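Trainee: Chain order of the listed sequences is A and B. In terms of the numbering used here, the first sequence is numbered consecutively and its last residue is 1599. In terms of the numbering used here, the second sequence is numbered consecutively and its last residue is 209.
Calculated from the structure, these hints are not laboratory results. In this text, all values refer to a predicted model and were calculated from it rather than measured experimentally. Using N, Cα and C, we set each Cβ at its ideal position, and we do this for glycine too. You may find that some hints are simply not true.
Claimed, not checked - Some chain B residues near chain A, calculated using beta-carbon distances under 10 Å:
1) Leu51
2) Tyr60
3) Tyr93
4) Pro112
5) Arg115
6) Arg122
7) Ala183
8) Glu198
9) Pro209
Said to hold, decoys possible - Which bits of chain A does chain B cover? Going by a derived footprint, with three or more residues having C-beta under 8 Å, they are:
10) 831 to 838
11) 1136 to 1146
12) 1274 to 1286
Each chain is listed here by its residues.
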Amino acid sequence: MTIYIDNKPYEVKPGKNLLEACLELGLNLPYFCWHPALGSVGACRQCAVKVFKDEDDKTGRLVMGCMEPVRDNLRLSIEDPGAKTFREQVIGWLMTNHPHDCAVCDEGGSCHLQDMTVMTGHTYRNYRFSKRTFENQDLGPFISHEMNRCIQCYRCVRFYKDHAGGKDLNVFAAHNHVYFGRCESGTLESEFSGNLAEVCPTGVFTDKTLHSHYTRKWDMTWAPSVCQGCSLGCNTSAGERYGSLRQITNRYNGEVNGYFLCDRGRYGYEFVNSDQRILQAAMRPHSNGTTNKDHILDLVAQKVKNGRTIGIGSPRASLESNYALKLLVGEDNFYLGMSDTDHDHTSIALKILRDGPVRTPSMQEAAQADAVFILGEDLTNTAPMLALAVRQAAQRKPEADALGQIHVAAWQDAAVREAVQDKHGPFYIFHTVPTKLDELAEDIRRGAPEQLARLGFAVAQMLGADIVPVTGLSQEDAALAEKIAAALMAAEHPLIVSGYGSGCDHMMKAAANIAWALQQKGRNPLLSITLPEVNSMGLEIIGGHRLDTALDVLRQGDADTVIVLENDLYRRADPHIIDEIFLHAQDVILIDHLYNRTAEKATVLLPAGTFAEADGTVVNNEGRAQRFYQVFVPKGDIQESWRWCLQIAEKAQIPALQGLRNLDDIDLALTNGMPSLAALQQLAPHAGFRINGQRIPREPHRYSGRTAILANENVSEPKPAEDVDTPLSFTMEGYRGEPPSPLIPFFWSPGWNSVQSVNKYQQEIGGHLHGGDPGIRLLEPHLNGGPHYFHEAPDTFVPIPGHVHIMPLYHIYGSEELSMYTSGIAQQAGEFCCLYLNPEDLAQWNITPGNWVTIDLDHHACRLVATPNHWMPRGLGAVSAGMPHSPVVDLPVCVKLQA
Amino acid sequence: MFSLLRSMWLVFLHTFHKRETYQYPEEKAPLPARWRGRIALTRDPDGGERCVGCYLCAAACPVDCISLQATEAPDGRRYPSFFRINFSRCIFCGFCEEACPTYAIQLLPDFEMAEYDRQNLVYEKEDLLINSEGKYPGYNYYRVAGMAIAGKDKGEAQHEEPPVDVRSLLP
Ligand code: SF4
Ligand code: SF4
Ligand code: SF4
Ligand code: SF4
Ligand code: FES
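Isolated chain A (complex conformation) (with noise of 0.2 Å):
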């Protein structure tokens, strides 16, 4: 539909409000508490507009652009004097109790307010008076509070309660005296707390993280990045400034995280900054002194060519770390660094996914979904952003209900909350333990997971899939069961979640039986499959042997060197396993960032680049390849782990690697090599991408210091390191424009200092970036042929006398090794030897709660503290998984019990 602004013509779509086609449009018209992922409220004015009945009528209407829908023909002005003066003097308003802080705060530079302060012409302050103030709050470790700065446009409570499900932020008292906090000091409970930093506009809420090593958004080098907390791969912008990374902020992506990023995600980046990070190539003992890299990389090369070296890839590592090793040591002698149990979850998803029918959602889709159900999994810690978008599935029935009676648009969120109440859509969960979205669930079901996974095969059934019939069902069970599979029928687009959370991949097969039979009825069923790492997908479709066949080639003495990349075994395996690794294995050689005890030791390390040092590519558990960019030059030897591969490869003489030099060269290999990856050959503009003959800046045009940060080394400066492997330049010098959006280091347009200015890298508020959204799918359903269902729904759980078995409990901070080097989420990490039993079983081994207990792991003992926990079914246990030196790593695991 056409609309005029100001008398010019513009075509626009229907159903947006005028605030949002403004913005679409590229024009400047100011707002707060407008949020494109929150929706209007009408709370601040600032986004006032004349609005004119026609070509005639002079006068006009003052109406707020965000609550106004757009109309055929509609005659609006931006530039009207009235409307420019009324946005003038609302924003005077909203600042009479600003404090006098800019330069003092953290949101400086990157801040809204003064972006829209300066957008709107207001420069003096009017207002005689004193200020009001307010006392601030310590809301933990990673948000800061700064009450006085506060505008008061809604958005932080909007978006901790409304939109993440959060209880303790709150806006307290009344009047002018409107307070957003807690009812008292303490730390912010919601795993989303940090989107506060970005979704208020002002320096109220700011990262505290940040703070620790404080620098203006202008005087990072930044690049676009991709998280490396969990499977789902949310994409993130790192910022940099002298040597260290400074910042993690959302980097926009239309299909995976939107506007929002998890507290694991956005601060579980100071492992790069620790001071357990290996900087020198090194080996072990020291010969004579001779740390040099040349000399230790001939070493290694002759001992990769004698042929007798096994690789073993890591999850946490690129495509093309893996893929080099993997040519590196021979396809033979690869082995997949996870746990024999991620291993088999992972396969299943792959296969799941790659061979059967039904489309996995991106979490963008996933959010849109009607009905939901989760069989054994708890979202929040193993899949926190995919949680938040489950949340707003659970809204999407009784939002579309409430939209048919009110007649108003999706977008007016006060109205739409109204008339949906506290009602929520049908959601399910089965799960051995509680879990924040119970909240959300129309009906929960707890037990054991196998127990569980066998209703999962029940409801499957009633679905018509042909699978052997579950039988022994309670009536109860059954009854739900019943109530499910309607409930899923009479959905749209129900989502199926499941993946590795609970340790029992009988999970992941029953929610692919139920979506599978769902599609054979007809329906359009998503299915989402959460998996442990980064890279975990990738690795697997790499491929690889099995970790535990290592040892035993090993043991045979097949091989005498172990190359590992980026891994800390003792994580991968019990530790008598690993221990048993370095005693048979003569050399062992690990690419790998951080001392851990696999450092402690290896007979050479070589120091890779974290994400924030090496350009990479990862594929998240959707199955979408997501390149991450070197946002700095590293210290020291440090180097990504495939070019250390290929310098190895380049002494050995190892020819499937020869001649390759950077990343291009090593991802022409990989695409050459795995014809299925092809695609990532269009995943992001090459090395010798220009525009206008420029690269693209990582420096924002007003970087400060470049003559001055190293002139206390050399007053002559040096000259600025040149990058081969990407079209980006670490300098700020480059093209100024929009760049390709794989290829967008940080959001900043003129006028627009904060991330808000992402509205203008988009096709449409809310939707994907110019030119697309980054990253390729490489999994798509399997359409043709039917489903080949899993057939046995597993047996029954019957605890066995004298033993316990053992399923992982993931936390979100805890449970993933590399965020927990940052102090805030160690922190808030759990108890690691805790072993969790039902009391009655601590009963009847006479275990007095809280004592030590000794279990018996392949003959090796290790000790853990009973503790009673109700949820746990007889003769179940569980222990966190993932802690650092937890004793018990390969989970689940059956094990006896010494009292």
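For this one, chain A is given, so just place chain B with the ligands on it according to the hints.
Mentor: This is chain B with the ligands only, laid out in the frame that chain A set:
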């Protein structure tokens, strides 16, 4: 011919005029207070460092010769943990002084900075920080800003009301 002689006569008369040439370095040139010379970091009336590490001077500097790192003291005051100016690059334009919201960075009437070695023109915070308020006596940023620091709590800055009691419903 006449004009030639006249000019010579006038030049000759200059011999008896007051001298404009200073016998530098024996005799110092009087510099106006707003002369843009050597840069210093000044202090508050209460003796604290004025610079709060806001990075505005660095951003304003056209030759990018200022670099610093902001940090926060336990008393809540922000300050630069290092502050470096590369005077071999500085063009003494005064933009940094203009940008500074706290009057911390000031260009002083002093130009005697010549060095034989360029490296010596790199000044660190120890070289820049002086024990004086410089050209703007009396200004104390923290008394105007809303941030609390030790000795100045919320509501104690100029033109501030005492902090709101969030639990009160009184108007
Ligand atoms: S704290 Fe920030 S987001 Fe919340 S109302 Fe105030 S200005 Fe808005
Ligand atoms: S959900 Fe996963 S990928 Fe996304 S920000 Fe959190 S840890 Fe990172
Ligand atoms: S006087 Fe000008 S050139 Fe010198 S430091 Fe200040 S802003 Fe930079
Ligand atoms: S502008 Fe002033 S307060 Fe800010 S960093 Fe520079 S000297 Fe310090
Ligand atoms: S953005 Fe429209 S009223 Fe706030």
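Trainee: None of the hints should be skipped; say for each whether it holds.
Mentor: We went through each hint and held it up to the structure:
With 10 Å as the threshold, the beta carbon of leucine 51 of chain B stays out of range of chain A, its nearest partner Cβ sitting at about 49 Å, so the hint is violated. Because the closest C-beta pair between tyrosine 60 of chain B and chain A is about 31 Å apart, greater than 10 Å, the hint is violated. Annotation: tyrosine 93 of chain B was flagged as interfacial toward chain A, and the flag holds, the nearest CB pair being 5 Å apart, inside 10 Å. Checking proline 112 of chain B against chain A by beta carbon gives a least distance of about 13 Å; that is not within 10 Å, so the hint is violated.
Restraint check, arginine 115 of chain B versus chain A: the minimum CB separation of about 9 Å is within 10 Å; hint holds. Given hint, arginine 122 of chain B at the interface with chain A, holds; its Cβ is 5 Å from that chain's nearest Cβ, closer than 10 Å. Nearest Cβ of chain A to the Cβ of alanine 183 of chain B: about 5 Å, under the 10 Å cut. The hint holds. Given hint, glutamate 198 of chain B at the interface with chain A, holds; its Cβ is 5 Å from that chain's nearest Cβ, closer than 10 Å.
Residue-level restraint check for proline 209 of chain B holds (minimum Cβ-Cβ distance to chain A is 6 Å; threshold 10 Å). Only residues whose C-beta sits within less than 8 Å of a C-beta in chain B count toward coverage, and the segment 831 to 838 of chain A has 6 of them, enough to reach three; the restraint holds. Here the segment 1136 to 1146 of chain A counts 0 residues with a CB under 8 Å from a CB of chain B, which misses the bar of 3, and the coverage is violated. Beta-carbon proximity to chain B at under 8 Å applies to 0 residues in the segment 1274 to 1286 of chain A; the threshold of 3 is not reached and the given coverage is violated.
The structure fails hints 1, 2, 4, 11 and 12 (numbered hints given earlier, in ascending order).
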